[in-house]
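Chemist: Start from the sequences, fold in the hints, and give me the full structure.
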Amino acid sequence: MAKRFQSLHDAARKINELQQKVRIKEETINSLRNEVRKVREIKGPNVGGELKTFRKEFQKNMVVLVTGAFTFVAALTWNDLVREIITSVVPANKEIYYRFLSAVAITSIAIMIIYILSKFKSQE
Numbered sequence: 277m278a279k280r281f282q283s284l285h286d287a288a289r290k291i292n293e294l295q296q297k298v299r300i301k302e303e304t305i306n307s308l309r310n311e312v313r314k315v316r317e318i319k320g321p322n323v324g325g326e327l328k329t330f331r332k333e334f335q336k337n338m339v340v341l342v343t344g345a346f347t348f349v350a351a352l353t354w355n356d357l358v359r360e361i362i363t364s365v366v367p368a369n370k371e372i373y374y375r376f377l378s379a380v381a382i383t384s385i386a387i388m389i390i391y392i393l394s395k396f397k398s399q400e
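Here my numbering = 1-based position in the sequence shown + 276.
Read the hints as simulated data drawn from the structure, not as lab findings.
Be a bit skeptical, because a hint or two may be false.
[Unchecked claim] Taking lysine-lysine and the DSS-like style, the derived pairs with C-alpha atoms no more than 27 Å apart in a straight line are: (1) Lys314 - Lys328; (2) Lys332 - Lys395; (3) Lys397 - Lys328; (4) Lys301 - Lys314; (5) Lys301 - Lys290; (6) Lys395 - Lys336; (7) Lys314 - Lys297; (8) Lys336 - Lys397; (9) Lys332 - Lys397.
Just so we're clear, the structure is a prediction, and the values are computed from it rather than from any experiment.
Modeler: And the structure:
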């Protein structure tokens, strides 16, 4: 009877040890779950969406940059044309006066166009 009691006692002790190990494992799993939640809160749940947004904004900015570069090249070409016209049409002693007038006129036109485009964009 003592052996049977001892074996039951040993079995109960083993069960308690196993239950303790299971509790430790469950606590570890819960701790890891909490860490994963914290990382998700820090990173944000939608990293892929942020990457898509970044790509779209990057593409928009590249379009603006390339458009600006081509506009600058076109402006330089027009600058050369205006110089040639002024040089060939205007007498040499009044050339600076007409260059000044053309610069003021072109700047005024550019300001008006930019103003109109900014109003158009703000309506979107």
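Chemist: Compare the structure with each hint and give your call.
Modeler: Against the structure, the hints come out as follows:
no.: 1; hint: Lys314 - Lys328; result: holds, 24 Å
no.: 2; hint: Lys332 - Lys395; result: holds, 23 Å
no.: 3; hint: Lys397 - Lys328; result: holds, 23 Å
no.: 4; hint: Lys301 - Lys314; result: holds, 20 Å
no.: 5; hint: Lys301 - Lys290; result: holds, 16 Å
no.: 6; hint: Lys395 - Lys336; result: holds, 19 Å
no.: 7; hint: Lys314 - Lys297; result: holds, 26 Å
no.: 8; hint: Lys336 - Lys397; result: holds, 14 Å
no.: 9; hint: Lys332 - Lys397; result: holds, 18 Å
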